[in-house]
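Using the sequences plus the hints, can you model the full thing?
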Amino acid sequence: MRRYKVYLEVGGKQVRVGEIEGNYSDDARFLYSKEYITKEESKSISISLPIQEEPFSPERTKAFFEGLLPEGFMRKNIAANMHFDENDYLSILYNLGKECIGAIRINQTDEEPESCYKAITSKQVEELAAEGTTKSTEMVIKTHLSLTGASGKVGLYFDEKNGRWYLPCGLAPSTHIVKQSHIRLDGIVTNEQLSMMAARKCGIDIPESFIINIGKGNDSEVLFATKRYDRIIDKTSEKIGGLKRPFRIHQEDFAQAMGIASFEKYEKDGQNYAEKMFETVRNNCTKPLEDQLSLWDRIVYNFALGNTDAHIKNYALIYDTHMEGVSLAPAYDMLSTVIYESATRDMSFNIGGNRNLDSINEESFKTLAARVGIGEKLAMKNYQNLLDRFENAIKESAKELQDIGFENAGHIAERILLARKRILS
39 MRRYKVYLEV GGKQVRVGEI EGNYSDDARF LYSKEYITKE ESKSISISLP
89 IQEEPFSPER TKAFFEGLLP EGFMRKNIAA NMHFDENDYL SILYNLGKEC
139 IGAIRINQTD EEPESCYKAI TSKQVEELAA EGTTKSTEMV IKTHLSLTGA
189 SGKVGLYFDE KNGRWYLPCG LAPSTHIVKQ SHIRLDGIVT NEQLSMMAAR
239 KCGIDIPESF IINIGKGNDS EVLFATKRYD RIIDKTSEKI GGLKRPFRIH
289 QEDFAQAMGI ASFEKYEKDG QNYAEKMFET VRNNCTKPLE DQLSLWDRIV
339 YNFALGNTDA HIKNYALIYD THMEGVSLAP AYDMLSTVIY ESATRDMSFN
389 IGGNRNLDSI NEESFKTLAA RVGIGEKLAM KNYQNLLDRF ENAIKESAKE
439 LQDIGFENAG HIAERILLAR KRILS
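Here the working numbering = 1-based position in the sequence shown + 38.
Treat the hints loosely; a few may be bogus.
Pairs of lysine-lysine residues, derived as BS3-like cross-links and limited to a Cα-Cα distance of at most 25 Å, are as follows [as the list claims (entries may be wrong)]:
| no. | residue 1 | residue 2 |
| --- | --- | --- |
| 1 | 156 | 51 |
| 2 | 156 | 282 |
| 3 | 199 | 156 |
Don't read these hints as lab results, they were simulated from the structure.
Here it is, written out as C-alpha coordinates:
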(Lines of atoms letter the chains of each structure in order from A and count residues from 1; the text may use other names and numbers.)
(Lines give C-alpha, C1' and ligand atoms only; values in the text may rest on other atoms or scores of the structure.)
Protein backbone atom coordinates (compact mmCIF):
# COMPACT_ATOMS: atom_id res chain seq x y z
CA MET A 1 0.00 0.00 0.00
CA ARG A 2 1.23 3.47 -0.86
CA ARG A 3 1.10 6.24 1.75
CA TYR A 4 1.60 9.91 1.01
CA LYS A 5 1.69 12.56 3.71
CA VAL A 6 -0.25 15.74 3.06
CA TYR A 7 1.01 19.06 4.42
CA LEU A 8 -0.55 22.51 4.48
CA GLU A 9 1.46 25.68 4.96
CA VAL A 10 -0.26 27.90 7.53
CA GLY A 11 1.36 31.16 8.59
CA GLY A 12 4.64 30.05 7.03
CA LYS A 13 4.74 26.73 8.90
CA GLN A 14 4.34 23.26 7.39
CA VAL A 15 1.45 21.47 9.13
CA ARG A 16 0.79 17.77 8.53
CA VAL A 17 -2.95 17.44 7.93
CA GLY A 18 -3.34 13.80 6.94
CA GLU A 19 -2.45 11.03 4.51
CA ILE A 20 -3.49 9.57 1.18
CA GLU A 21 -3.46 5.77 1.29
CA GLY A 22 -4.12 3.23 -1.44
CA ASN A 23 -2.65 0.56 -3.66
CA TYR A 24 -3.59 2.41 -6.84
CA SER A 25 -4.88 5.82 -7.87
CA ASP A 26 -8.39 4.38 -8.20
CA ASP A 27 -8.63 3.17 -4.59
CA ALA A 28 -6.63 5.89 -2.80
CA ARG A 29 -8.40 7.65 0.08
CA PHE A 30 -7.54 10.85 1.94
CA LEU A 31 -7.80 10.79 5.72
CA TYR A 32 -7.26 13.66 8.16
CA SER A 33 -4.85 12.70 10.95
CA LYS A 34 -6.23 12.31 14.47
CA GLU A 35 -3.71 14.84 15.74
CA TYR A 36 -4.86 17.43 13.20
CA ILE A 37 -8.56 16.83 13.93
CA THR A 38 -8.10 17.40 17.65
CA LYS A 39 -6.50 20.82 17.22
CA GLU A 40 -9.05 23.57 17.68
CA GLU A 41 -7.43 25.81 15.05
CA SER A 42 -7.42 23.14 12.31
CA LYS A 43 -9.27 23.95 9.09
CA SER A 44 -10.30 21.74 6.19
CA ILE A 45 -8.08 21.83 3.11
CA SER A 46 -11.13 22.06 0.84
CA ILE A 47 -14.81 22.88 1.02
CA SER A 48 -15.33 19.45 -0.55
CA LEU A 49 -13.19 17.77 2.15
CA PRO A 50 -14.64 18.93 5.49
CA ILE A 51 -12.83 17.74 8.60
CA GLN A 52 -14.09 14.30 9.62
CA GLU A 53 -12.71 11.13 11.17
CA GLU A 54 -13.68 8.83 8.27
CA PRO A 55 -11.57 8.60 5.11
CA PHE A 56 -12.99 10.19 1.96
CA SER A 57 -14.01 8.09 -1.01
CA PRO A 58 -11.50 7.50 -3.83
CA GLU A 59 -13.68 9.69 -6.09
CA ARG A 60 -13.74 12.64 -3.66
CA THR A 61 -10.02 12.23 -2.95
CA LYS A 62 -9.13 12.14 -6.62
CA ALA A 63 -11.30 15.15 -7.51
CA PHE A 64 -9.33 17.39 -5.16
CA PHE A 65 -5.78 16.05 -5.43
CA GLU A 66 -5.77 15.31 -9.15
CA GLY A 67 -7.04 18.87 -9.50
CA LEU A 68 -3.55 20.04 -8.47
CA LEU A 69 -1.93 18.48 -11.55
CA PRO A 70 -1.22 19.68 -15.08
CA GLU A 71 -3.65 18.44 -17.73
CA GLY A 72 -3.71 17.37 -21.35
CA PHE A 73 -0.52 17.24 -23.41
CA MET A 74 1.54 18.78 -20.59
CA ARG A 75 0.58 15.95 -18.23
CA LYS A 76 1.17 13.33 -20.92
CA ASN A 77 4.64 14.77 -21.55
CA ILE A 78 5.54 14.85 -17.85
CA ALA A 79 4.29 11.28 -17.30
CA ALA A 80 6.31 10.03 -20.28
CA ASN A 81 9.47 11.73 -19.02
CA MET A 82 8.99 10.22 -15.54
CA HIS A 83 8.03 6.81 -16.97
CA PHE A 84 4.62 6.83 -15.28
CA ASP A 85 1.18 6.00 -16.60
CA GLU A 86 -0.49 9.38 -17.15
CA ASN A 87 -3.55 8.03 -15.29
CA ASP A 88 -1.46 7.34 -12.17
CA TYR A 89 -2.16 10.72 -10.60
CA LEU A 90 -0.66 9.71 -7.23
CA SER A 91 2.80 8.98 -8.60
CA ILE A 92 2.82 12.16 -10.66
CA LEU A 93 1.56 14.21 -7.71
CA TYR A 94 4.15 12.75 -5.35
CA ASN A 95 6.95 13.66 -7.76
CA LEU A 96 5.61 17.15 -8.50
CA GLY A 97 3.90 17.90 -5.19
CA LYS A 98 6.64 19.90 -3.47
CA GLU A 99 5.17 23.14 -4.86
CA CYS A 100 1.51 23.13 -5.87
CA ILE A 101 -1.07 25.79 -6.52
CA GLY A 102 -2.12 26.99 -3.06
CA ALA A 103 -0.40 25.73 0.09
CA ILE A 104 -0.60 21.92 -0.23
CA ARG A 105 2.53 19.73 -0.28
CA ILE A 106 2.81 15.95 -0.78
CA ASN A 107 5.66 13.81 0.58
CA GLN A 108 6.37 10.33 1.94
CA THR A 109 8.53 11.41 4.89
CA ASP A 110 8.68 14.30 7.36
CA GLU A 111 12.07 15.32 6.02
CA GLU A 112 12.21 18.70 4.33
CA PRO A 113 14.49 18.91 1.29
CA GLU A 114 17.07 21.68 1.14
CA SER A 115 15.67 24.83 -0.44
CA CYS A 116 17.48 27.13 -2.84
CA TYR A 117 17.05 29.37 -5.85
CA LYS A 118 19.18 28.80 -8.97
CA ALA A 119 19.66 31.70 -11.35
CA ILE A 120 18.34 31.11 -14.87
CA THR A 121 20.44 32.21 -17.83
CA SER A 122 19.12 34.30 -20.70
CA LYS A 123 19.60 31.27 -22.93
CA GLN A 124 17.30 29.16 -20.71
CA VAL A 125 14.61 31.83 -20.92
CA GLU A 126 14.98 31.89 -24.71
CA GLU A 127 14.66 28.10 -24.83
CA LEU A 128 11.55 28.21 -22.64
CA ALA A 129 9.93 30.65 -25.06
CA ALA A 130 10.97 28.85 -28.22
CA GLU A 131 10.73 25.14 -27.44
CA GLY A 132 7.10 24.64 -26.45
CA THR A 133 6.41 22.03 -23.77
CA THR A 134 9.85 20.41 -24.06
CA LYS A 135 11.62 22.99 -21.90
CA SER A 136 8.70 23.60 -19.55
CA THR A 137 8.42 19.84 -18.89
CA GLU A 138 12.12 19.72 -18.05
CA MET A 139 11.80 22.63 -15.61
CA VAL A 140 8.63 21.27 -14.00
CA ILE A 141 10.33 17.93 -13.30
CA LYS A 142 13.50 19.59 -11.97
CA THR A 143 11.56 21.77 -9.56
CA HIS A 144 8.99 19.10 -8.52
CA LEU A 145 6.35 21.72 -9.20
CA SER A 146 2.72 21.03 -10.04
CA LEU A 147 0.64 23.68 -11.82
CA THR A 148 -2.87 23.06 -13.09
CA GLY A 149 -4.02 23.58 -16.66
CA ALA A 150 -3.12 22.31 -20.10
CA SER A 151 -0.68 25.08 -21.12
CA GLY A 152 3.07 24.76 -20.90
CA LYS A 153 3.87 26.69 -17.72
CA VAL A 154 6.44 26.79 -14.95
CA GLY A 155 6.72 28.44 -11.56
CA LEU A 156 9.74 30.75 -11.26
CA TYR A 157 11.08 33.26 -8.73
CA PHE A 158 11.48 36.83 -9.99
CA ASP A 159 13.77 39.23 -8.18
CA GLU A 160 12.35 42.59 -9.19
CA LYS A 161 15.36 44.53 -7.89
CA ASN A 162 17.82 43.01 -10.33
CA GLY A 163 15.36 41.74 -12.95
CA ARG A 164 16.64 38.19 -12.61
CA TRP A 165 14.71 34.92 -12.82
CA TYR A 166 15.43 31.93 -10.59
CA LEU A 167 14.45 28.27 -10.56
CA PRO A 168 13.05 27.22 -7.13
CA CYS A 169 14.51 24.04 -5.61
CA GLY A 170 13.42 21.93 -2.63
CA LEU A 171 10.65 23.72 -0.75
CA ALA A 172 11.50 27.17 -2.08
CA PRO A 173 8.27 28.81 -3.33
CA SER A 174 7.95 30.52 -6.70
CA THR A 175 6.64 34.06 -7.13
CA HIS A 176 5.39 33.96 -10.73
CA ILE A 177 3.73 31.55 -13.12
CA VAL A 178 5.36 31.80 -16.54
CA LYS A 179 3.30 30.54 -19.45
CA GLN A 180 4.47 29.76 -22.96
CA SER A 181 2.89 30.93 -26.18
CA HIS A 182 0.79 28.50 -28.22
CA ILE A 183 2.42 28.89 -31.60
CA ARG A 184 -0.71 27.48 -33.26
CA LEU A 185 -2.76 30.38 -31.85
CA ASP A 186 -1.26 33.62 -33.08
CA GLY A 187 -0.65 36.40 -30.61
CA ILE A 188 -2.08 34.51 -27.64
CA VAL A 189 0.33 36.06 -25.12
CA THR A 190 -0.56 39.58 -26.25
CA ASN A 191 -4.21 38.53 -26.30
CA GLU A 192 -4.08 37.44 -22.66
CA GLN A 193 -2.20 40.50 -21.42
CA LEU A 194 -4.56 42.79 -23.34
CA SER A 195 -7.60 40.95 -21.94
CA MET A 196 -6.30 41.11 -18.38
CA MET A 197 -5.45 44.80 -18.61
CA ALA A 198 -8.92 45.53 -19.96
CA ALA A 199 -10.48 43.46 -17.17
CA ARG A 200 -8.79 45.69 -14.59
CA LYS A 201 -10.14 48.79 -16.36
CA CYS A 202 -13.60 47.20 -16.11
CA GLY A 203 -13.23 46.93 -12.33
CA ILE A 204 -12.23 43.28 -12.10
CA ASP A 205 -9.59 42.23 -9.57
CA ILE A 206 -6.64 40.66 -11.40
CA PRO A 207 -3.07 39.78 -10.39
CA GLU A 208 -0.09 41.68 -11.80
CA SER A 209 1.06 40.34 -15.16
CA PHE A 210 3.47 41.28 -17.93
CA ILE A 211 4.98 39.97 -21.14
CA ILE A 212 8.59 38.78 -21.14
CA ASN A 213 9.92 39.82 -24.53
CA ILE A 214 13.28 38.33 -25.47
CA GLY A 215 13.20 39.36 -29.13
CA LYS A 216 10.97 41.42 -31.37
CA GLY A 217 7.67 40.32 -29.83
CA ASN A 218 7.10 37.31 -32.10
CA ASP A 219 5.18 34.37 -30.64
CA SER A 220 8.35 32.29 -30.24
CA GLU A 221 10.05 35.15 -28.39
CA VAL A 222 7.52 35.97 -25.67
CA LEU A 223 6.31 34.50 -22.39
CA PHE A 224 3.36 35.51 -20.21
CA ALA A 225 4.25 36.09 -16.56
CA THR A 226 1.65 36.33 -13.77
CA LYS A 227 2.53 37.29 -10.21
CA ARG A 228 1.18 34.59 -7.90
CA TYR A 229 -1.58 35.90 -5.65
CA ASP A 230 -1.17 32.74 -3.54
CA ARG A 231 2.37 33.80 -2.57
CA ILE A 232 3.08 36.76 -0.28
CA ILE A 233 6.38 38.40 0.67
CA ASP A 234 6.40 40.73 3.66
CA LYS A 235 8.87 42.14 6.18
CA THR A 236 8.79 38.90 8.21
CA SER A 237 9.82 36.73 5.25
CA GLU A 238 13.01 34.75 5.80
CA LYS A 239 15.72 34.68 3.17
CA ILE A 240 16.98 31.83 1.02
CA GLY A 241 20.33 32.63 -0.54
CA GLY A 242 19.71 36.36 -0.16
CA LEU A 243 16.21 36.21 -1.68
CA LYS A 244 13.08 36.68 0.42
CA ARG A 245 11.03 33.50 0.75
CA PRO A 246 7.31 33.98 -0.03
CA PHE A 247 4.62 32.60 2.27
CA ARG A 248 2.25 30.11 0.64
CA ILE A 249 -1.44 31.07 0.79
CA HIS A 250 -3.98 28.30 0.29
CA GLN A 251 -6.43 28.37 -2.59
CA GLU A 252 -8.65 25.96 -4.50
CA ASP A 253 -10.46 26.27 -7.80
CA PHE A 254 -14.22 25.83 -8.02
CA ALA A 255 -13.94 22.29 -9.40
CA GLN A 256 -12.02 21.26 -6.29
CA ALA A 257 -14.32 23.20 -3.95
CA MET A 258 -17.39 21.56 -5.48
CA GLY A 259 -15.85 18.07 -5.64
CA ILE A 260 -15.90 17.93 -9.44
CA ALA A 261 -13.17 16.06 -11.34
CA SER A 262 -10.91 18.04 -13.68
CA PHE A 263 -12.11 16.13 -16.73
CA GLU A 264 -15.63 17.40 -15.98
CA LYS A 265 -14.63 21.07 -15.84
CA TYR A 266 -16.81 21.82 -18.86
CA GLU A 267 -20.50 21.64 -18.06
CA LYS A 268 -22.76 19.00 -19.54
CA ASP A 269 -26.52 19.44 -19.85
CA GLY A 270 -28.30 19.83 -16.53
CA GLN A 271 -25.23 20.37 -14.35
CA ASN A 272 -25.81 24.13 -13.89
CA TYR A 273 -22.30 24.99 -12.77
CA ALA A 274 -22.97 28.74 -12.48
CA GLU A 275 -25.71 28.19 -9.91
CA LYS A 276 -23.43 25.86 -7.94
CA MET A 277 -20.59 28.40 -8.01
CA PHE A 278 -22.79 31.16 -6.59
CA GLU A 279 -24.10 28.77 -3.94
CA THR A 280 -20.51 27.92 -2.98
CA VAL A 281 -19.65 31.61 -2.61
CA ARG A 282 -22.86 32.37 -0.70
CA ASN A 283 -22.32 29.55 1.81
CA ASN A 284 -18.58 29.88 2.38
CA CYS A 285 -17.15 33.32 1.65
CA THR A 286 -16.54 35.88 4.37
CA LYS A 287 -18.18 38.61 2.26
CA PRO A 288 -20.74 36.63 0.26
CA LEU A 289 -22.66 39.50 -1.38
CA GLU A 290 -19.52 41.32 -2.47
CA ASP A 291 -17.97 38.14 -3.89
CA GLN A 292 -21.16 37.09 -5.66
CA LEU A 293 -21.24 40.43 -7.49
CA SER A 294 -17.53 40.04 -8.35
CA LEU A 295 -18.23 36.57 -9.72
CA TRP A 296 -21.15 37.96 -11.71
CA ASP A 297 -18.94 40.66 -13.26
CA ARG A 298 -16.37 38.07 -14.34
CA ILE A 299 -18.99 35.95 -16.06
CA VAL A 300 -20.27 39.04 -17.89
CA TYR A 301 -16.74 40.05 -18.86
CA ASN A 302 -15.83 36.59 -20.18
CA PHE A 303 -19.04 36.65 -22.22
CA ALA A 304 -18.24 40.07 -23.72
CA LEU A 305 -14.64 39.01 -24.33
CA GLY A 306 -15.69 35.83 -26.09
CA ASN A 307 -13.76 33.62 -23.66
CA THR A 308 -15.32 30.20 -24.17
CA ASP A 309 -12.61 28.52 -22.07
CA ALA A 310 -13.70 30.14 -18.78
CA HIS A 311 -14.44 26.78 -17.13
CA ILE A 312 -14.82 26.15 -13.40
CA LYS A 313 -11.09 25.55 -12.88
CA ASN A 314 -10.49 29.11 -14.11
CA TYR A 315 -12.39 30.54 -11.14
CA ALA A 316 -10.99 30.07 -7.65
CA LEU A 317 -11.30 30.77 -3.92
CA ILE A 318 -8.43 31.96 -1.75
CA TYR A 319 -8.01 31.58 2.00
CA ASP A 320 -6.37 34.10 4.32
CA THR A 321 -2.91 33.48 5.77
CA HIS A 322 -4.21 31.52 8.78
CA MET A 323 -7.08 29.75 6.98
CA GLU A 324 -9.66 31.72 8.96
CA GLY A 325 -11.58 33.19 6.02
CA VAL A 326 -12.18 32.59 2.32
CA SER A 327 -12.90 34.94 -0.58
CA LEU A 328 -13.08 34.97 -4.35
CA ALA A 329 -9.55 34.85 -5.73
CA PRO A 330 -8.35 37.37 -8.33
CA ALA A 331 -9.35 36.56 -11.91
CA TYR A 332 -6.93 34.70 -14.18
CA ASP A 333 -6.67 32.97 -17.58
CA MET A 334 -8.83 35.58 -19.31
CA LEU A 335 -8.43 35.89 -23.07
CA SER A 336 -10.60 36.02 -26.17
CA THR A 337 -10.80 32.51 -27.61
CA VAL A 338 -13.38 33.24 -30.32
CA ILE A 339 -10.94 35.31 -32.38
CA TYR A 340 -9.44 31.95 -33.37
CA GLU A 341 -11.26 29.92 -36.02
CA SER A 342 -10.57 26.63 -34.22
CA ALA A 343 -12.32 27.76 -31.02
CA THR A 344 -15.77 26.60 -29.97
CA ARG A 345 -18.59 29.12 -29.63
CA ASP A 346 -20.05 27.27 -26.66
CA MET A 347 -19.35 28.73 -23.23
CA SER A 348 -17.94 26.40 -20.58
CA PHE A 349 -21.19 26.56 -18.59
CA ASN A 350 -24.69 27.76 -19.39
CA ILE A 351 -25.83 31.32 -18.80
CA GLY A 352 -29.55 31.40 -18.11
CA GLY A 353 -30.02 28.07 -19.88
CA ASN A 354 -27.93 28.97 -22.96
CA ARG A 355 -24.34 28.00 -23.73
CA ASN A 356 -23.86 29.15 -27.30
CA LEU A 357 -22.47 32.68 -27.52
CA ASP A 358 -24.79 33.57 -30.36
CA SER A 359 -27.84 32.58 -28.29
CA ILE A 360 -26.89 34.37 -25.06
CA ASN A 361 -28.40 37.82 -24.60
CA GLU A 362 -29.66 40.22 -21.94
CA GLU A 363 -32.60 37.95 -21.15
CA SER A 364 -30.16 35.07 -20.52
CA PHE A 365 -28.45 37.14 -17.85
CA LYS A 366 -31.79 38.14 -16.29
CA THR A 367 -32.63 34.45 -16.05
CA LEU A 368 -29.21 33.70 -14.55
CA ALA A 369 -29.65 36.47 -11.96
CA ALA A 370 -32.96 34.93 -10.85
CA ARG A 371 -31.43 31.45 -10.66
CA VAL A 372 -28.42 32.50 -8.57
CA GLY A 373 -30.39 34.75 -6.24
CA ILE A 374 -29.07 38.18 -7.21
CA GLY A 375 -31.64 40.96 -7.57
CA GLU A 376 -32.33 41.67 -11.24
CA LYS A 377 -31.99 45.45 -10.90
CA LEU A 378 -28.54 45.24 -9.29
CA ALA A 379 -27.33 42.43 -11.53
CA MET A 380 -28.38 44.14 -14.77
CA LYS A 381 -26.94 47.46 -13.64
CA ASN A 382 -23.55 45.75 -13.27
CA TYR A 383 -24.09 43.96 -16.59
CA GLN A 384 -24.73 47.20 -18.47
CA ASN A 385 -21.97 49.15 -16.73
CA LEU A 386 -19.40 46.52 -17.69
CA LEU A 387 -20.55 46.33 -21.30
CA ASP A 388 -20.45 50.14 -21.53
CA ARG A 389 -16.82 50.18 -20.35
CA PHE A 390 -15.64 47.21 -22.40
CA GLU A 391 -14.80 48.79 -25.77
CA ASN A 392 -12.77 51.67 -24.34
CA ALA A 393 -11.00 49.29 -21.96
CA ILE A 394 -9.88 47.11 -24.88
CA LYS A 395 -8.77 50.10 -27.00
CA GLU A 396 -6.89 51.78 -24.14
CA SER A 397 -5.14 48.55 -23.20
CA ALA A 398 -4.13 47.93 -26.81
CA LYS A 399 -2.68 51.46 -27.06
CA GLU A 400 -0.64 50.94 -23.87
CA LEU A 401 0.78 47.69 -25.24
CA GLN A 402 1.55 49.26 -28.61
CA ASP A 403 3.41 52.07 -26.85
CA ILE A 404 5.82 49.53 -25.32
CA GLY A 405 6.48 47.73 -28.58
CA PHE A 406 3.70 45.16 -29.01
CA GLU A 407 2.42 46.31 -32.39
CA ASN A 408 0.09 43.33 -32.82
CA ALA A 409 -2.02 44.51 -29.84
CA GLY A 410 -4.00 46.87 -32.08
CA HIS A 411 -4.88 44.09 -34.53
CA ILE A 412 -5.89 41.73 -31.71
CA ALA A 413 -8.07 44.46 -30.18
CA GLU A 414 -9.84 44.91 -33.52
CA ARG A 415 -10.50 41.17 -33.70
CA ILE A 416 -11.86 41.13 -30.13
CA LEU A 417 -14.19 44.06 -30.78
CA LEU A 418 -15.37 42.59 -34.09
CA ALA A 419 -16.14 39.33 -32.33
CA ARG A 420 -17.97 41.25 -29.57
CA LYS A 421 -20.23 42.98 -32.13
CA ARG A 422 -21.11 39.59 -33.55
CA ILE A 423 -21.84 38.26 -30.04
CA LEU A 424 -24.10 41.18 -29.12
CA SER A 425 -25.79 41.58 -32.51
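We went through each hint and held it up to the structure:
1. 156 / 51: holds, 23 Å
2. 156 / 282: holds, 14 Å
3. 199 / 156: holds, 16 Å
Checked against the numbered hints above, the structure violates none of them.
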